Amino acid sequence: MPSLKNRRNTLKKNDKLIERFAFSFLYIFSIATFYLLWVAYINHDIAKLNLYLMFYLIYIILFYLIVNDLYNNYDFFKTSGNIEGTKLLEETHYFCADPVCSRCGGWYWGLVLSITITLGLKDSVISILNIYKVQMIYFIPIWTIIFLITTPFHGALNFLMKKETPNNNNKKLKLILGLISGLSMSFIAIGILSLIAK
Amino acid sequence: MENKTKHILKGMGLTIISAIFAILGIIVASTQNLIAGIFIVVASSLFWGYACLLSRIVEIRLKRTTN
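Quick note, the sequences are listed as chains A and B, same order. First residue of the first sequence? That's 1 in our numbering, and the numbers climb one at a time after it. First residue of the second sequence? That's 1 in our numbering, and the numbers climb one at a time after it.
In short, the hints are calculated from the structure, not lab data. Just to be clear, a hint being listed does not mean it is correct.
[Stated by the list, open to error] Now the in silico label distances, taken between C-beta atoms and shown as ranges:
# : chain 1 : residue 1 : chain 2 : residue 2 : range
1 : B       : Leu34     : A       : Pro99     : 45 to 51 Å
2 : B       : Glu59     : A       : Tyr64     : 37 to 43 Å
3 : A       : Leu173    : B       : Ile26     : 47 to 53 Å
4 : B       : Lys63     : A       : Val39     : 24 to 30 Å
5 : B       : Lys63     : A       : Thr144    : 39 to 45 Å
6 : A       : Ile126    : B       : Leu62     : 48 to 54 Å
7 : B       : Ile16     : A       : Tyr94     : 55 to 61 Å
Since the structure is predicted, the reported quantities are computational estimates derived from the model, not experimental observations. Glycine included, C-beta positions come from ideal geometry on N, C-alpha and C.
Sequences are here, hints too, so could you generate the full structure?
Printed below as a string of structure tokens:
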């Protein structure tokens, strides 16, 4: 078994492994940290600013190490001709951040985008809901049902289309489904928050 | 055998890092801002997920070398 420290080779330029692996997590963490940094900067809180900057740097370094390790493993499997391992890493797909992904059609990207926008504008959304006097008792179950409809449908689509389909006509449908399910998730969260606040 | 302990330590380290980031997120959620804390907790599951993937990778690699 060769060392894990072998260097990345030229394979990295040709494949799309890096976009498929968890880049949305980096986006989410960056959004949260930048918000916290901004608040600390406004309040002239230097100690907190340094703390959050340190955590952000640690996160980025660990993310780089993980991606590097993934590429090392991928190169090892490719060069040693291990079909099982290559397949495992090529089919790895969770929380990708590719809006035109051939596998999920931008579902995860849409989810993260709509969650961040809706929760970022949480106060205005709550005030709009209060103007139209939306009843939270019906509000949460309806959005839960919508979330349940939009989410497994994506998995069913993947299953029916045998995962990789280059000429995929349903990409926009998947992106819209992701946007709707992110919206429903954040509306559920807002509903629970407003119920707690009452 | 050395490689095996190395992998075990790696997985444990990833899990502990994930837990540390999740605790940071919970602290932020209770003191600073709820939404930012939830986001940090969600982002901490990256390390957890990679630990799960790593276990499968190591399984395949070890099976290859024994054969």
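Comparing the hints with the structure gives:
no.: 1; hint: B:Leu34 - A:Pro99: 45 to 51 Å; verdict: violated (28 Å)
no.: 2; hint: B:Glu59 - A:Tyr64: 37 to 43 Å; verdict: violated (25 Å)
no.: 3; hint: A:Leu173 - B:Ile26: 47 to 53 Å; verdict: violated (37 Å)
no.: 4; hint: B:Lys63 - A:Val39: 24 to 30 Å; verdict: violated (50 Å)
no.: 5; hint: B:Lys63 - A:Thr144: 39 to 45 Å; verdict: holds (42 Å)
no.: 6; hint: A:Ile126 - B:Leu62: 48 to 54 Å; verdict: holds (53 Å)
no.: 7; hint: B:Ile16 - A:Tyr94: 55 to 61 Å; verdict: violated (21 Å)
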